[in-house]
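Asks: Residue strings, one per chain:
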Amino acid sequence: MSSLQCDITLTVNGETIRETVEARKTLVDFLRDDLGLTGSHVGCEHGFCGACTVRLNGVIVRGCLTLAVQCDGAKVETIEGLSDTGECADLQTAFETRNALQCGFCTPGMLLTAQELLASDRVPSREAIREHLSGNYCRCTGYHAIVDAVEAVAKARAGSGT
Amino acid sequence: MKITDDVPSTLTALDRPNSYIGRSVPRPNLARLTQGRGHYVTDVTLPRMAHVAYVRSPHAHARIVRIDTTAAKKMPGVIAAVTGPELAKVITPWVGVLTHLKGLKSAPQSAIAIDRACWQGEAVCAVVARTRAEAEDACALVQVDYEELPTVTDPETALDAATHVIHADLGDNLCFERSLDVGTVDAAFAGSDAVVETTFVFGRHTGVTNEPRAIVADWNPGEQRLTVYHGTQAPHMMQNLFAKHLGLEESQVRVLTKDVGGSFGIKVHTYADEMAVVALSKLLKRPVKFVADRIESFVTDIHARDHRVKAKIGVMNDGTITAFEIDDLTGIGPYSVYPRTSGIEANQIVNLTGGPYACPNYRAHTRVVFQNKNVMCQYRAVGHPIACAVTEGLVELAAAKIGMDPLDIRRKNLIADNAYPTGSASGLKFEALSHHASLDKLVKMMDHDALRAEQTALRHKGIYRGIGFASFIEVTNPSAAFYGVGGAKISAQDGCTIKLDAQGAIVCHTGVTEQGQGAEAVIAQVAASAFGVAIERVRVITGDTDNTPYGGGTWASRAAGIGGEAAWQAGKALRQNVLAVAGSILQAKPETLDIRDSQVVDAGTGKERIGLDEVARIAYFRPDTLPPGFQAELMATRHYVPRAFPFSFTNGIQASYLEVDTDSGFVKLLKHWCVEDCGTVINPQLVDEQVRGGVVQGIGAALYEQCVYDERGQMLNGNMADYLVPMASEMPDIQCGHVVSPTADSELGAKGAGEAGTAGAPACVMNAINDALRPLGAAPLTDMPFTPGKILRALGRVS
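Protein sequences appear in the order of chains L and C. For the first sequence, the working numbering gives the first residue as 40, with consecutive numbering after it. For the second sequence, the working numbering gives the first residue as 160, with consecutive numbering after it.
Among the hints, a few may not be true.
As the list claims (entries may be wrong) - Taking lysine-lysine and the DSS-like style, the derived pairs with C-alpha atoms no more than 25 Å apart in a straight line are:
1) C/Lys949 x C/Lys471
2) C/Lys949 x C/Lys830
3) C/Lys827 x C/Lys648
4) C/Lys233 x L/Lys64
5) C/Lys648 x C/Lys264
6) L/Lys194 x C/Lys264
7) C/Lys620 x C/Lys471
8) C/Lys232 x L/Lys64
9) C/Lys620 x C/Lys600
The hints are simulated quantities; they were obtained by calculation from the structure and are not laboratory data.
Using the sequences plus the hints, can you model the full thing?
Replies: Listed below in structure tokens is the structure:
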């Protein structure tokens, strides 16, 4: 129970944001409630499901285990930002074509996590894909289709030399 | 990336030009979700919207002596603090019974507990504030004095005379009991060469939807209407219940269901804390939002599967199964859940056990008892995983006892593929199943003999792998026999309205709902095929009681089979209507015309005559040019409900290949196969993904998931760190195959596919573990989930 307010300035999806936030507010609540960026989801609020995954200074983090005040001066990217820039458009298309999502609630977090894997490991094995995604909970798909989609994009990106 | 091969349609009625039936068309509504532009109830905000948080009972059973909300009401942002008696002035209580489950009884349940809390987690006071955080802050200041009452937790002793009766008015803790005795069971056991008897235990677990339960209720006193944004599977059912218990007409209630972050049966029930939200909105005359947090989800989302089944099978030395007998016991919490009741899972176990087999002797007994734990009710594949694990566990144990191959004992006893229509000993009616064809297909898919050879070779190296099977049947396409006959206002029929827009595209309004399973895609495929347009020319509207035909929604694998058939019939009807218009424009007989790819064509030659855009233009804007007395009808509605059979059963078989680490007790899943017969396959990829997701949910039950309670009724692992769910790294690849036996009850011939995976997976994982450990002399494992500790105990490695 705290009413401590803090001023923060940060970059969210390329836009400079200056806001006053409660010190106790999580990054994902800040993104959703204050900025209307509802693409990042709140699933468990204790760091296990990965639905709130966002990128903080280039690295994926749990939006529910990060406080908004910790992001003062930081660069935050969400699924809305990645969608607008087209950074992972091929991954999104592969998820759609392969039906690698059903309810879609885990999907933004899953895409950010997969995008990070493919940035570091160009053609990961199915086991490596499963391992890297193992912090993102999906109740619908059973994961097989997600692994298929990520694997296909990895091969396509490697093949096209991008 | 492999897209599942298209399955050619087997029915001539579906063999329309450019048909989408049997094609793996991507779902048209996915880009929204991959771009983070979905609209879940958790995303909904409205002007003046307030948030509710609940004070929940820390005790499993306690009298509420006094609630003091004085301090809470003084907190910043707080709008109201409301207790059970105060809310009861706005909303009436309910009782979860169905008349066709004879003898089933339950006690009245209130939106917020009155006088007494009956499980840990039951809401005893609501605090409404400007933000959820402020509401939670104030909850901490609500002073509740409790007087603890005796706690009933163990179903085994719930009916003992010495045990406290939870609801004194009911007389005892028995909710429901059913017995069945068919054939000559005692004589069959007496004449058997071998009898296997064991007890199966199923861990209480829950759905863990990624998006928690969420609801926003908006009572508008100006228009005397309630609009509810609700993550539900059954909008019309909820419309009825909100109206009934708030004292409104159904026309005063609109339920809107947009994107839903996973359901699996969790979101098809009446939850007290959600009923409280609609009542609070009415009381406070403003929108109120509730989103369960994860801990609330664990202690209030319905649980399921907490069953103990003593089971027995008789078998002859040639493998003939002589009899099945089960004695089932389950504890369902303090209330039977409204309106579907908590007797259905037990009832299904009685109905389904032994179902795949031609065995005439069957005895079953089930008792459903009250206890002071969270409520249990229908969760994906209701009763099937239990009935299947009991049946298939017994069959493989019997095979092992007489030294028979587990596939051979199935070939000997599975109902013959040419025996249909037929039924089960329990009275189920089967229209057309394909157990043997499915088994043969599975054996080929998994390269069974090579796998057995590999297993044998590895055993010599001290590597213990197991192969397990599970044949199953699944209830789909339920008629009114499921709920309607028992007095619940849950629609068995569904409707679809299709209209031609002014540019020649079509819009479908359907009563079934999208929970991520792909209902919108299936409706679009069916409507496009029946009417004659490309799927891009179809828009589907679901989840709005103001704007869709009355329907049941999505549960019991009914959306494609029932909603799909309604869409098929509506598409055909609209085609006839549009051809009547075209015929009058073209001076041609409508029966000589057809619609193909948005063009009205000569049916015989395929020659294009006039575009749908032109037909629509004339019909809407120049009707004066049509013949006198001719009225174009450019909207058609059709309804469908299965009538020939109470349920459309599907069947299939699964196999699991796994390795048990005999030092650590860990199970590594290597591969999983499922052959499924859901009749006409409308979209092979969507069917396969339903199967795969279902299989993994079943694997969770077999290996990980359990709501652990202590003897005082406290849930000990209500968080995702301690309650384990399947994650990507532990799951195997899952190969799917199909056999197609369409139902003749509909033109489409489609049955459901949503629960097959969950029905069979626990059984075949169990059988595979026991197959792996059998050479080591381990006692058969029959107590799910099969944790490393239980496996090491079975191996005698730990005591």
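Asks: Taking the hints in turn, state whether each one holds.
Replies: For each hint, the structure was consulted:
no. : hint                : in the structure
1   : C/Lys949 x C/Lys471 : holds (22 Å)
2   : C/Lys949 x C/Lys830 : holds (22 Å)
3   : C/Lys827 x C/Lys648 : violated (45 Å)
4   : C/Lys233 x L/Lys64  : holds (22 Å)
5   : C/Lys648 x C/Lys264 : holds (18 Å)
6   : L/Lys194 x C/Lys264 : violated (59 Å)
7   : C/Lys620 x C/Lys471 : violated (35 Å)
8   : C/Lys232 x L/Lys64  : holds (23 Å)
9   : C/Lys620 x C/Lys600 : violated (31 Å)
The structure shown violates the earlier hints numbered 3, 6, 7 and 9.
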